[in-house]
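Residue numbers (full-length UniProt numbering), protein chains in the order written: chain A, 1 to 284; chain B, 1 to 284; chain C, 1 to 284; chain D, 1 to 284.
These aren't lab readings, by the way, just hints derived from the structure by calculation. Careful, some of the hints might be misleading.
Identical copies go unnamed one by one, so any copy, or any two together, can satisfy a pair.
As the list claims (entries may be wrong) - Derived DMTMM-like pairs (lysine to aspartate or glutamate); straight-line CA-CA distance at most 25 Å:
id, residue 1, residue 2
1, K279, E66
2, K279, E210
3, K80, E55
4, K279, D248
5, K148, D83
6, K96, E116
7, K148, D40
8, K279, D60
9, K279, D147
10, K96, E132
11, K279, E34
12, K279, E62
13, K148, E34
14, K96, D60
15, K80, E34
16, K96, D125
17, K148, E116
18, K279, E160
19, K96, E161
20, K96, E34
21, K80, D125
This structure is a prediction, so every number in the text was calculated from the model and none was measured.
Number of protein chains: 4
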Amino acid sequence: MSHYYRLVVSCPDRVGIVARVSNFIAGQGGSITEANQHSDLTSGRFFMRYEVVAESLPLDAEGFREAFAPIADEFEMQWKLTDTRRPQRVAMMVSKESHCLVDLLYRFTAGELDCEIPCVISNHDDLRSLVEWHGIPFHHVPVDPSDKAAAFAEVERLVEEAQADTVVLARYMQILPPALCERYAGRVINIHHSFLPSFAGARPYHQAYERGVKLIGATCHYVTEELDAGPIIEQDIQRVSHCHTANDLVRFGRDVEKGVLARGLRWHLQDRVLIHGNKTVVFA
Amino acid sequence: MSHYYRLVVSCPDRVGIVARVSNFIAGQGGSITEANQHSDLTSGRFFMRYEVVAESLPLDAEGFREAFAPIADEFEMQWKLTDTRRPQRVAMMVSKESHCLVDLLYRFTAGELDCEIPCVISNHDDLRSLVEWHGIPFHHVPVDPSDKAAAFAEVERLVEEAQADTVVLARYMQILPPALCERYAGRVINIHHSFLPSFAGARPYHQAYERGVKLIGATCHYVTEELDAGPIIEQDIQRVSHCHTANDLVRFGRDVEKGVLARGLRWHLQDRVLIHGNKTVVFA
Amino acid sequence: MSHYYRLVVSCPDRVGIVARVSNFIAGQGGSITEANQHSDLTSGRFFMRYEVVAESLPLDAEGFREAFAPIADEFEMQWKLTDTRRPQRVAMMVSKESHCLVDLLYRFTAGELDCEIPCVISNHDDLRSLVEWHGIPFHHVPVDPSDKAAAFAEVERLVEEAQADTVVLARYMQILPPALCERYAGRVINIHHSFLPSFAGARPYHQAYERGVKLIGATCHYVTEELDAGPIIEQDIQRVSHCHTANDLVRFGRDVEKGVLARGLRWHLQDRVLIHGNKTVVFA
Amino acid sequence: MSHYYRLVVSCPDRVGIVARVSNFIAGQGGSITEANQHSDLTSGRFFMRYEVVAESLPLDAEGFREAFAPIADEFEMQWKLTDTRRPQRVAMMVSKESHCLVDLLYRFTAGELDCEIPCVISNHDDLRSLVEWHGIPFHHVPVDPSDKAAAFAEVERLVEEAQADTVVLARYMQILPPALCERYAGRVINIHHSFLPSFAGARPYHQAYERGVKLIGATCHYVTEELDAGPIIEQDIQRVSHCHTANDLVRFGRDVEKGVLARGLRWHLQDRVLIHGNKTVVFA
């Protein structure tokens, strides 16, 4: 089976970027299977993602990077080249609610998520058996409210030990300390159980129930220091009515949450999500 | 063609309400074509809506009301009985944007809205020709920012003159004075161009664009004194992406707005919307 | 915690049904928590579902049935009274694809499906470990194409032994013999992986891909002798585009299928689905 | 305000197409505002659409075409270059139902449809006043069932006289003769009031009602000789239930139809729809 290189670029927009990049790839005989570009007219910034059949090139990933670097410099690119043979390592963090984790583990098993899952970390021990049945190490790191720093030091150690590229908060229900957010900026994905910016903070379904909204939602976003305010990757909603109690909203919400998180994570793992200030470009 | 009585009730929930009401109707030989009930377990309040074929009863609407009043008293009901032969009178208020008005006038013409439209009132003269082509009187009431009271006095006079049961703010873009809101409480319907409670206030699509949301929405609600905070009747959304400018969001939003407003108004006109505190029960 | 009786009725429509039934319940002091009615104007048939707090009545289920029988006779009702203390027993049948089963087992565990699952039956042994991890017996009944009758005799024996009220074909991929369909009429639920009546039969996602549709769907329906033609309980769709291969459609479809099947089964288990000829009334 | 050239290409996929085309444009100093590509892996065909700011180029449209022709030949391209200063001319055809026409005329007026509408042709005279109020010529061409050929000869003459690039069947309800379909292949857009391939042919909402589906839909497609079988541009659906009569389905369907047709037409007018056998690539 083929593997691919994915070239992801953002840079100031100007004439000739696509020509230069596509020329470079064609000059190496590279076969492009998917190409996306976006010119943001407001900010004057340009974004692109190219997927190239690795076997069509005479270069390995490192060779590609070296050869491409002068072009990147010339156009002041922020860029990366990933190789699909080296899947990302994703550490999952959960609390007691299992719906997102069950869903992600199913998708992982079914081959929908191109990653490795070196570990699951939780502040409760409830989901150990589920995780271990999937053959994945489970770490129980209780969070003592009077000494959260100790817990998060341990979390950070475990994430580092796992050599995680990405951390997924699959209903972790704890707020990560700013230093951790910053260290893993753009690599921590959270699922918030409301249609942000509505109902940020705690108990969003109960807030939604009190307000009498006719739709509830969920939001997958990158974690930043400001709670529930990071760049949004994906959102979705579910219709509700006066018939539904706050508990029904919670139940419906579980389905929305898992769909939204799974799509957001899949796109992230395929290098389809480019951060642009506090927004995202998603080449879905 | 048949006409109908619609009996709409809300009262404290207790045993025997449905039995008493349905017995009363059956005792008169009444043929029920649609029946809805809702018990709100949180508040202990009960809601019902019955649609009865008028010809199946020996009573006219007034006779029905008299005969029913003792039951209503016994169960402490808030209630009304409407007769579909007497359609509501709906005064529309607009500004310059025509999309909601065009849509409502089409639906009115097509028989989707069971009402009369005695007039359209606007703070601009732009939509006169459109309205008059439909054979509906158009009133231009400019709103001078330095003397809004005069304008709203004229608006109130026109609404009263039109004997309007319901006022629809079809993108009117002006804030009604509190006294008017109170006088027509539960009878003024607004379309807000965001998925409330997100992005209340001005320029919601631009707020949404700045926040980088992946869905935009619209909300149809009853107007109360507090801006964009009244009971929600209906909401809907449209998916957007990084490809879309703020202007695209405005364009998409027009479609969502008109659908949401049309559904909300239709349900209101059919007595399907019952206000319950700051929420609604919608027997859609 | 309270338990409930659910009274589900269909009968020829005429004046006084609701009055008689609600009088009966009120006369016993019964507290109704949910009530739904539907008059089908085309066929002249009436449908209702009442949920009554069991503790509010002086009758047990059998006593209720006896006391209610004369009313049922008078109105020529097809009816049943169920008691939520006696959850349905659901036998699941699967093949190799696990997505629907994983989803249903999660929901079962989370308390979303009010039932017991006495067993899972499969023509392959692949999902044994998953099922047994949930503490549910797994039966492997291979289907030899040259002697299907033997396999289905064994299936029928297992279903009977399990005292199953309902059979769910959670992507079973085998056609049940007519006798089994008839014996369990209205109690076998299938998920078909297309938006019926489009793409009945085999490989529907590949049919959809060939036709170039822009939406794919799934359909949950009762099984009848005619393939993919039974009463539809629930359907849903997912948007697709030219970017998506037939395999992508299969992947998207899995999500649609599991949502549709879960909703259909939940409604069935709550006695919300009433069969009406080849259609359904769903009091969702 | 800027105008744009749109270059739309389909050709056998091979290495170097994007490089050659983007080099050509960059070599002229062309500023690309939107670029889309698609490689169909099944058929080995490549599709692209580039939108270039006209003022950024030293060439006019004819000059562009001449300079580009050798590249097109080399890569065996089917291609066209359009200039947004020369909007398409769209002849609309309608019958008695106005919902799609009202919607398209609103969008035309609001600037959502970048085209001219030289005329509306109808087999009935009902919509004359509506059309003429918009300042558009209306032609009444009755279709005598015993001599359809005469009517369609007149239709063809009017379409030709209007110099129409595109013909929109906005619920025309007559089947165009094969010769006309062929002459305007890929340029006649129809809205079919079902979710094709379900319910092709007559009275699809009534077919849907009889089958008891839980979703109804509409399909915008190019017209080919085979009825309701041409390449699909866009589809959408609306949820329905047992509460809804066949007439309700018709009413809901109107909303779905107008949305689907408006989106399909808009994309067609922006050269976003590329026909690929009996399917479409839509760069929406």
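Do the hints match the structure? See the list:
1. In the homo-oligomer, the alpha carbons of K279 and E66 never lie at most 25 Å apart, since the shortest distance is 30 Å inside one protomer and 41 Å across protomers.
2. Taking identical chains as interchangeable, the C-alpha atoms of K279 and E210 lie at most 25 Å apart only when they sit on different chains, with a minimum of 8 Å there against 29 Å within one chain.
3. In the homo-oligomer, the alpha carbons of K80 and E55 lie at most 25 Å apart inside one protomer (19 Å), although the nearest pairing across protomers, at 33 Å, exceeds that limit.
4. Within a single copy, K279 and D248 get their C-alpha atoms only as close as 31 Å, which misses the 25 Å cut-off; across copies the closest is 17 Å, which meets it.
5. Taking the shortest alpha-carbon separations for K148 and D83, neither the intra-copy value of 37 Å nor the inter-copy value of 48 Å comes in at or below 25 Å.
6. Within a single copy, K96 and E116 get their C-alpha atoms as close as 22 Å, and across copies as close as 24 Å, so both meet the 25 Å cut-off.
7. Neither within a single protomer nor between protomers do K148 and D40 lie at most 25 Å apart by alpha-carbon distance, with minima of 41 Å and 41 Å respectively.
8. Taking the shortest alpha-carbon separations for K279 and D60, neither the intra-copy value of 32 Å nor the inter-copy value of 37 Å comes in at or below 25 Å.
9. For the identical chains of this complex, K279 and D147 are neighbours neither inside a copy (34 Å) nor across copies (42 Å), given an alpha-carbon limit of 25 Å.
10. In this assembly of identical chains, K96 and E132 lie within 25 Å of each other by CA distance both inside one copy and across copies; the values are 15 Å within and 22 Å between.
11. Taking the shortest Cα distances, K279 and E34 sit within 25 Å of each other both inside one copy (23 Å) and across copies (19 Å).
12. With identical chains, the CA atoms of K279 and E62 are never at most 25 Å apart, being 30 Å at best within one copy and 40 Å at best between copies.
13. Proximity of K148 to E34 under the C-alpha cut-off of 25 Å is found in neither arrangement, the shortest distances being 45 Å within a copy and 46 Å between copies.
14. Taking the shortest Cα distances, K96 and D60 never come within 25 Å of each other, neither inside one copy (43 Å) nor across copies (38 Å).
15. When the C-alpha separation of K80 and E34 is checked against a cutoff of 25 Å, the pair qualifies both within a copy, at 16 Å, and between copies, at 22 Å.
16. Within a single copy, K96 and D125 get their C-alpha atoms as close as 8 Å, which meets the 25 Å cut-off; across copies the closest is 31 Å, which misses it.
17. With identical chains, the CA atoms of K148 and E116 are never at most 25 Å apart, being 28 Å at best within one copy and 41 Å at best between copies.
18. Taking the shortest Cα distances, K279 and E160 never come within 25 Å of each other, neither inside one copy (27 Å) nor across copies (48 Å).
19. Proximity of K96 and E161 under a CA criterion of 25 Å is satisfied intra-copy only: 23 Å inside one chain copy versus 36 Å between copies.
20. When the C-alpha separation of K96 and E34 is checked against a cutoff of 25 Å, the pair qualifies neither within a copy, at 39 Å, nor between copies, at 32 Å.
21. Neither within a single protomer nor between protomers do K80 and D125 lie at most 25 Å apart by alpha-carbon distance, with minima of 38 Å and 44 Å respectively.
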